[in-house]
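A.B. asks: Here is how the chains run, residue by residue.
2 protein chains.
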Amino acid sequence: MSSACTPYELYSKESGKSYGNQPLSICDESFTPLEVRYDLEAAKPLFTKKIVEAGPDNMWRYRSLLPIPEGFEPDLPVGFTPLVRAKNLGKRLGSQNLYVKNDAVCFPTLSFKDRVVAVALANARAFGFEVVGCSSTGNLANSVAAQSARLGMKACILVPADLEPAKILNTLIYGARLVRIDGNYDHVNRLCSLIADQYNWGFVNVNLRPYYAEGSKSVGFEIAEQLGWKLPDNVVVPMAGGSLIRKIKKAFDELVYLGLVEKKHVRFFGAQATGCSPIAQAVKNNTETITPQKPSTIARSLAIGNPADGPFASRMIRETGGWAEDVSDIEVVSGIQELAETEGIFTETAGGVTTAVTAKLIAQGRIAADELTVVFITGNGLKTTDCVADRFTLGRAVRPRLTDFEEYINELDGVAASTAEPELALAGGN
Amino acid sequence: MSSACTPYELYSKESGKSYGNQPLSICDESFTPLEVRYDLEAAKPLFTKKIVEAGPDNMWRYRSLLPIPEGFEPDLPVGFTPLVRAKNLGKRLGSQNLYVKNDAVCFPTLSFKDRVVAVALANARAFGFEVVGCSSTGNLANSVAAQSARLGMKACILVPADLEPAKILNTLIYGARLVRIDGNYDHVNRLCSLIADQYNWGFVNVNLRPYYAEGSKSVGFEIAEQLGWKLPDNVVVPMAGGSLIRKIKKAFDELVYLGLVEKKHVRFFGAQATGCSPIAQAVKNNTETITPQKPSTIARSLAIGNPADGPFASRMIRETGGWAEDVSDIEVVSGIQELAETEGIFTETAGGVTTAVTAKLIAQGRIAADELTVVFITGNGLKTTDCVADRFTLGRAVRPRLTDFEEYINELDGVAASTAEPELALAGGN
Numbered sequence: 001m002s003s004a005c006t007p008y009e010l011y012s013k014e015s016g017k018s019y020g021n022q023p024l025s026i027c028d029e030s031f032t033p034l035e036v037r038y039d040l041e042a043a044k045p046l047f048t049k050k051i052v053e054a055g056p057d058n059m060w061r062y063r064s065l066l067p068i069p070e071g072f073e074p075d076l077p078v079g080f081t082p083l084v085r086a087k088n089l090g091k092r093l094g095s096q097n098l099y100v101k102n103d104a105v106c107f108p109t110l111s112f113k114d115r116v117v118a119v120a121l122a123n124a125r126a127f128g129f130e131v132v133g134c135s136s137t138g139n140l141a142n143s144v145a146a147q148s149a150r151l152g153m154k155a156c157i158l159v160p161a162d163l164e165p166a167k168i169l170n171t172l173i174y175g176a177r178l179v180r181i182d183g184n185y186d187h188v189n190r191l192c193s194l195i196a197d198q199y200n201w202g203f204v205n206v207n208l209r210p211y212y213a214e215g216s217k218s219v220g221f222e223i224a225e226q227l228g229w230k231l232p233d234n235v236v237v238p239m240a241g242g243s244l245i246r247k248i249k250k251a252f253d254e255l256v257y258l259g260l261v262e263k264k265h266v267r268f269f270g271a272q273a274t275g276c277s278p279i280a281q282a283v284k285n286n287t288e289t290i291t292p293q294k295p296s297t298i299a300r301s302l303a304i305g306n307p308a309d310g311p312f313a314s315r316m317i318r319e320t321g322g323w324a325e326d327v328s329d330i331e332v333v334s335g336i337q338e339l340a341e342t343e344g345i346f347t348e349t350a351g352g353v354t355t356a357v358t359a360k361l362i363a364q365g366r367i368a369a370d371e372l373t374v375v376f377i378t379g380n381g382l383k384t385t386d387c388v389a390d391r392f393t394l395g396r397a398v399r400p401r402l403t404d405f406e407e408y409i410n411e412l413d414g415v416a417a418s419t420a421e422p423e424l425a426l427a428g429g430n
Numbered sequence: 001m002s003s004a005c006t007p008y009e010l011y012s013k014e015s016g017k018s019y020g021n022q023p024l025s026i027c028d029e030s031f032t033p034l035e036v037r038y039d040l041e042a043a044k045p046l047f048t049k050k051i052v053e054a055g056p057d058n059m060w061r062y063r064s065l066l067p068i069p070e071g072f073e074p075d076l077p078v079g080f081t082p083l084v085r086a087k088n089l090g091k092r093l094g095s096q097n098l099y100v101k102n103d104a105v106c107f108p109t110l111s112f113k114d115r116v117v118a119v120a121l122a123n124a125r126a127f128g129f130e131v132v133g134c135s136s137t138g139n140l141a142n143s144v145a146a147q148s149a150r151l152g153m154k155a156c157i158l159v160p161a162d163l164e165p166a167k168i169l170n171t172l173i174y175g176a177r178l179v180r181i182d183g184n185y186d187h188v189n190r191l192c193s194l195i196a197d198q199y200n201w202g203f204v205n206v207n208l209r210p211y212y213a214e215g216s217k218s219v220g221f222e223i224a225e226q227l228g229w230k231l232p233d234n235v236v237v238p239m240a241g242g243s244l245i246r247k248i249k250k251a252f253d254e255l256v257y258l259g260l261v262e263k264k265h266v267r268f269f270g271a272q273a274t275g276c277s278p279i280a281q282a283v284k285n286n287t288e289t290i291t292p293q294k295p296s297t298i299a300r301s302l303a304i305g306n307p308a309d310g311p312f313a314s315r316m317i318r319e320t321g322g323w324a325e326d327v328s329d330i331e332v333v334s335g336i337q338e339l340a341e342t343e344g345i346f347t348e349t350a351g352g353v354t355t356a357v358t359a360k361l362i363a364q365g366r367i368a369a370d371e372l373t374v375v376f377i378t379g380n381g382l383k384t385t386d387c388v389a390d391r392f393t394l395g396r397a398v399r400p401r402l403t404d405f406e407e408y409i410n411e412l413d414g415v416a417a418s419t420a421e422p423e424l425a426l427a428g429g430n
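Residue numbers (UniProt numbering), protein chains in the order written: chain A, 1 to 430; chain B, 1 to 430.
It should be emphasised that the hints constitute simulated quantities derived from the structure, not laboratory data. Don't take each hint at face value.
[Claimed, not checked] What follows is a set of in silico ranges between Cβ atoms, one per label pair, in the way DEER data are often shown:
no.	chain 1	residue 1	chain 2	residue 2	range
1	A	Gly-71	B	Thr-32	53 to 61 Å
2	A	Asp-404	B	Ala-397	44 to 52 Å
3	B	Leu-40	A	Lys-263	33 to 41 Å
4	B	Arg-399	A	Glu-73	53 to 61 Å
5	B	Pro-7	A	Asn-410	13 to 21 Å
[Stated by the list, open to error] List of simulated lysine-lysine pairs, DSS-like, C-alpha gap at most 25 Å:
no.	chain 1	residue 1	chain 2	residue 2
6	A	Lys-49	B	Lys-49
7	A	Lys-230	A	Lys-284
8	B	Lys-87	A	Lys-154
9	B	Lys-50	A	Lys-50
10	A	Lys-360	A	Lys-284
11	A	Lys-49	B	Lys-50
12	B	Lys-360	B	Lys-87
13	B	Lys-91	A	Lys-154
14	B	Lys-263	B	Lys-50
15	A	Lys-50	B	Lys-49
16	B	Lys-154	A	Lys-87
17	B	Lys-360	A	Lys-91
18	A	Lys-264	A	Lys-50
Each residue gets a CB set at the ideal place from its N, CA and C atoms; glycine is no exception.
Please take these sequences and the hints and turn them into a complete structure.
C.D. replies: The following block contains the structure:
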C-alpha cells in the first residue's frame, strides 16, 4: 500500500486561522470547532479511482484524504461495509431505489464509530499520548476500548451510568477502564473537557475531535464508490452531535473536486428521536440556533441534548434542500423490526430512528419513489436488545416428538388465523 | 458479475453413486453423507485469480466453485471478512506468525453460518420450497431467519429451549417462527429430520445439507486469497458437527488443483470444549469411531454430542498431521478475554474455545512459533454475553465533577497498586 499522504492541517473556517497539527478542537479566536483542511491539489495524483480500487478492502483505501500522520501504517481493516440494495424495505416504504449502507457489521465493534476512532488513535499515537479516552453513549466506548487494546494504549472511558448492559460489557471486555458518570451524555462530555485540560490524555472526541470527525468521511467515499463512482440523490443520516452528516457531505464535495464523481445536487436528511431532537427542531424552525434539550429516548446513542455541530448541520441540511425529522420511541422499535423483517438487518435504536424517519420522509413526499436514496445504518441491534425484547414472548418448550411439534404449530396457527397472520401450511405435508 | 457456473452434482464417495441435484443428504446405499462434486476441469477457465479478484467484495466472488443453481443471482453481500494479523495475541501465546480470520463481523448476522445459509437458501429457492428451516444452536437460527426474511421465504426454526437470550431475540426480530424444543441439539436435529420427511420443507442442515456445507469453503478461499494466494502452515478451527474443518481443506485442495496456490502440506487442528468433545476424543484415541457425549458446556454453539461429520473430521485431521484439543469452560472465558485484550476482537464462546485451544497447541509444541497459523473465529461475543458478564463488576456511579473523578481514579489505582495492575498515571497531570 502506498504511504503517500496529502498535506493537511487544522484551521478555523470562521476566523481563517491555521493551527498546524496539534491536539486541539476549538479556535481561540472564533470559539468555533476546528476543521481539517487538505491541499486538495496535492491529493489529485494520490486519490484516483485506480489507486483507491487497488487499495485494501477497508477504509484505508481512502487514506490520502484522511488525516493520517506521516509514517503511521494503519493495519486494522476497519470499514468498507456492505451497501445493500433494499428492494423489500423500499417496497414497504414506497421507494424503488433504496439502499442501506450497513455499518452494523463494521469491524471491529459493529458501528460507524470504528471509523472515527481509527483516525483519532492514529493521531493520538503520533502526538505521544499514553492514555486515550472518550465520553461516549456506548458505541464510541466499545470502539476506543477495542482499538486501543490492539494498539497497546491505555484507555479510560467515561459513560452515562445508565448505559445499556451490552455496551458496558463490550467496553470492559477489552480491558479498558470504564468510569460510569451519574449524569447524561452532556454532563459526561463537559467532564471530559476538564480532564483533557488537566491531564495529558488524548480524548478522541474532545482534544482529538477534528481528526476523529474526519474518519466519518470514509462512509461518504464508500457510498460513492459502491454506487459505481456516483452520488445518490438523497442520504438519510442519524444525528447525535451533528458531525457525521456534515462529513459525508464533505466527502462527496471532495470527490467532485477531484473529478471522481460527477457533480450532483445531493440532498441531506437528518434523523433524530423526538425525545432528543434539537437539530431536527432547528431545521424545522429554519434556524441555526440550537435550543438544548434534556434527552429522554431509548435511542441513547443519539441522546446528545446540546450537539456541538448542531448549528452547522442545521444550516447544511437546509442549504442542500434536505430536511430533518424525528420519531417517537414506539416508531423507533417499529423501524428496527421493519428493517429486520424486510432486509434481514438487525440494527440498534439509532438505526430504528433512521429507518422510521426515512418512512416518514417518503410519506411526506420529501423523498420521491424513483430517487436513489441511501439510508445509513450506524450500529448493531445486539447492543440494544432490551428495547425490543419485550415485543416478543417466548413460546413454551415443546417435547422433541413429531406429534408434539404438530400440536404446537397447529396451536400457533390457530392463534395466527385469528390475527390473520400467514400459516406455515402444515396441511401441505404428505 | 459473470453468472457462469461450474457443473456440479451430489454423489457418495463411499458407494460411488451419483444423485444429480435434489434435496437429499444421505446415500441410500452406503448411508453416509452426500457431497457436492464439481467438474473441476470446467472450472479452470471460470475460477482464475483475475476473475475472482474482479468479482464483488463478498463470498460470491467464488461462486463458480459453489453450488449455485443456474439463474440464481445472489445479491446479499455475505462474507469476505477481515483476516487480521494478530501480533499481540501471538506474542502472548508464543507465535510470531499468527492470523485471525474474523467472522465475528460477517454480514448479515455476525457468524460464519451466514455463508452456509446463503448457499442453502439459493438451492431451497431453486427446489421450490415455500418454508425453510433448521435445527440450530443459535447462530444458524439467526442467519436462516435473517436471510429468509430478505428472500421473502417463510422460516420455521427449531432450537434447544435453553438457548442464549440474544440468539433467541436475534431470530425472532426477523419475523421467523421459532420453536423451542425441550432437549439438546441432538434431540432437535432428530426431530427436524422427521419434519423434513413429513413435510415439503427445506431444512438447510438436513435435506439441503450437502449444499449448505459447501458454503464453508468460502472461508478457505478467502484465507488463501487474503494471504496473497498462498496456503498457511496450520489452521485452527472450532468443531461442532465436524463439517467446517473438512470444507476448508476441500477449498484448499481445489485451489491447488486449479493452480491458484502452490501445493503445501497444511495441518488442520480441531477445537472443542471439554464438555462436548467427541471429535477431539476420537482424534486423541486415533479412531474414526465417535462415542456420542451428552453436552455440558457454555460453548453451546459447539454442543453437538453426536456429530454427523465427526468420523470424517477425525480421519482428515490425523491424515494432515494435525491434532485436536479441548478446553474447560474456564479456559473458554479466558480465551474470549485474551483475544479481546490483545486484538480488540470480541468473540462468542466458540471463539474462546478456538483461542484457548490455540494457546494449548502452541504450549504443547504442536504448532511452532514461526509457522503461519490461521485461527478461525466464527461468531460474535455480543451473542453470549451471559458467560462473561459475571467476570466484571460495575464501578459506582461518579458525580460529573473533576474532583469526584480524581477521587474515584485514585481509589481504583489504590486497589490496582495492591494488585500490581498498571495505573492510569493521574500524577502525570499538570
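A.B. asks: Between the alpha carbons of A:Lys-264 and A:Lys-50, is the straight-line distance 25 Å or under?
C.D. replies: Measuring from Cα to Cα gives roughly 22 Å; hence the hint holds.
A.B. asks: Hinted pair, alpha-carbon criterion (25 Å max): A:Lys-49, B:Lys-50. Please report holds or violated.
C.D. replies: 19 Å, holds
A.B. asks: B:Lys-360 and A:Lys-91 were given as a pair; does the straight-line alpha-carbon distance stay at or below 25 Å?
C.D. replies: 52 Å, violated
A.B. asks: Checking one constraint from the list: CA of B:Lys-360 to CA of B:Lys-87, max 25 Å. Satisfied?
C.D. replies: This hinted pair holds, its Cα atoms lying about 17 Å apart.
A.B. asks: Checking one constraint from the list: CA of B:Lys-87 to CA of A:Lys-154, max 25 Å. Satisfied?
C.D. replies: Between B:Lys-87 and A:Lys-154 the Cα gap is close to 18 Å, so the pair holds against 25 Å.
A.B. asks: Do the beta carbons of B:Arg-399 and A:Glu-73 sit within 53 to 61 Å of each other?
C.D. replies: Check failed, 42 Å falls outside 53 to 61 Å.
A.B. asks: When you check the alpha-carbon spacing of A:Lys-360 and A:Lys-284, does it fall within 25 Å?
C.D. replies: Answer holds: A:Lys-360 to A:Lys-284 is near 14 Å, not above 25 Å.
A.B. asks: Assess, step by step, whether the Cα of A:Lys-230 is no farther than 25 Å from the Cα of A:Lys-284, and give holds or violated.
C.D. replies: 29 Å, violated
A.B. asks: Could you see if the CB distance from A:Gly-71 to B:Thr-32 stays within 53 to 61 Å?
C.D. replies: Cβ of A:Gly-71 to Cβ of B:Thr-32: about 57 Å, so the range 53 to 61 Å holds.
A.B. asks: Compare the distance between the alpha carbons of B:Lys-91 and A:Lys-154 with 25 Å, and conclude whether the hinted pair is satisfied.
C.D. replies: The hint holds at about 18 Å.
A.B. asks: For A:Lys-50 and B:Lys-49, compute the direct alpha-carbon distance and say whether it is at most 25 Å.
C.D. replies: 19 Å, holds
A.B. asks: Is 33 to 41 Å a correct range for the gap between the Cβ atoms of B:Leu-40 and A:Lys-263?
C.D. replies: 49 Å, violated
Hint violations for this structure: numbers 3, 4, 5, 7, 17, all remaining hints satisfied.
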